[in-house]
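Protein chains in written order, with our numbering: chain Y, 1 to 155; chain L, 1 to 155; chain E, 1 to 155.
Any given hint could turn out to be false.
Remember, identical chains collapse to one label, so a pair may be satisfied in a single copy or spanning two.
Claimed, not checked - Derived lysine-lysine pairs resembling DSBU-like cross-links, with alpha carbons at most 30 Å apart:
{"id": "1", "residue 1": "Lys-8", "residue 2": "Lys-127"}
{"id": "2", "residue 1": "Lys-49", "residue 2": "Lys-111"}
{"id": "3", "residue 1": "Lys-89", "residue 2": "Lys-127"}
No wet-lab data here; the hints were simulated from the structure.
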Amino acid sequence: MAGTVEQKLAALGITLEAPRTPVANYVGFVRTGNLLFVSGQVCATSDGKLIARGKLGAGVTLEQGVAAARGCAVNLLTQVKAALGDLDKVARVVRLSGFVNSTPDFLDGPKVLNGASDLMVNVFGDKGRHARTTVGVAVLPSDAAVEVEGIFEVA
Amino acid sequence: MAGTVEQKLAALGITLEAPRTPVANYVGFVRTGNLLFVSGQVCATSDGKLIARGKLGAGVTLEQGVAAARGCAVNLLTQVKAALGDLDKVARVVRLSGFVNSTPDFLDGPKVLNGASDLMVNVFGDKGRHARTTVGVAVLPSDAAVEVEGIFEVA
Amino acid sequence: MAGTVEQKLAALGITLEAPRTPVANYVGFVRTGNLLFVSGQVCATSDGKLIARGKLGAGVTLEQGVAAARGCAVNLLTQVKAALGDLDKVARVVRLSGFVNSTPDFLDGPKVLNGASDLMVNVFGDKGRHARTTVGVAVLPSDAAVEVEGIFEVA
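Can you build the whole structure from these sequences, using the hints too?
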């Protein structure tokens, strides 16, 4: 039976698929003690298609960027579920680091990242309130519009 | 009565104000075990005005960048004080990650970040010596010249 | 006598020199509990010469980028050895964060970072499989082509 967090995801229309396996010598997550470090997740759907491709400030709209950041958050949760089996075992979302594929004059990275932050709080409640860092980078893998990495505390 | 670290800050002319509350679904810091993760802090004063705006390599001077990085460090300490009540409870500044809003040919990011590193060592002594990563990014929120995030160990 | 990990490094023709001391108020690593945070390492040899200088997408080839990332990994291991005395004390490579000095249209950052990831797995085996984040940044210190920071779990 799905736990509380997955029920909230389902109510938002989000089902977690099995995570995509990295095609290189790294993994989706590493747990050390009570901390779970999740690899940077780009804004791809479970079939590998990018939700938004290109740069904020040059073709990708703010609305598309927010949806992309939300997709990154879904991918983080997919990894967390693979790690823990049950998202209810998350004691706290510790930190999200958000990287926005940006032109040098795009100043609204934080608004983009809210797509990830809002999802975390929607499904985890106060345990979803995290430390956050947002920067605008020159480019991201496969020209993804957004990439987010996460650190989670396990109960 | 102010602790040792705050006395050293006061001797440098620095008073810590209450931290600014993020205007979104994230928070200024999260503590997990003995580790305190502080959100990326841009170079703004306590009233929200940027100490330096724009890019190193295009208008923002090295001297202004150093002052901006120092301002980021002050903002990190503001969050740490809000988290712990007393900066003397910091056992170690573990890591600072510095992001410099840079043109593609600005090579002196580390000199900029020294503005943050020097303040940490000035007020914490050897406990202030941290691991550090410095990168030059395409852009930062609100066109801030510098952003620094931090991890602190709590005694 | 060299431990298992250093023997594997030697078989790859890699000898770890003493780490270079940062010329500022930060250090090469900080240990807190069982976690070792290593400062961002640029792709320099032990005598300070860059393995690759400039941007992927503008002069630095993918092959040169891979060699540069591998060099960053060697520098991380140099710091780990300085911290622990013996690389066999590493229980897990927890996370590598890779920053690639990129033009805005260079999309193969992950292939570059494989130079670091492959070395970790070659010498640590499954303990070397890490979480990873790769982003393309506007510029790096001294125009280094690649910079990698790491978190390690100590046995």
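Cross-check of the supplied hints:
no.	hint	verdict
1	Lys-8 to Lys-127	within (14 Å within a copy, 35 Å between copies)
2	Lys-49 to Lys-111	both (23 Å within a copy, 19 Å between copies)
3	Lys-89 to Lys-127	both (11 Å within a copy, 24 Å between copies)
This entry satisfies every hint, going by the numbered hints stated previously.
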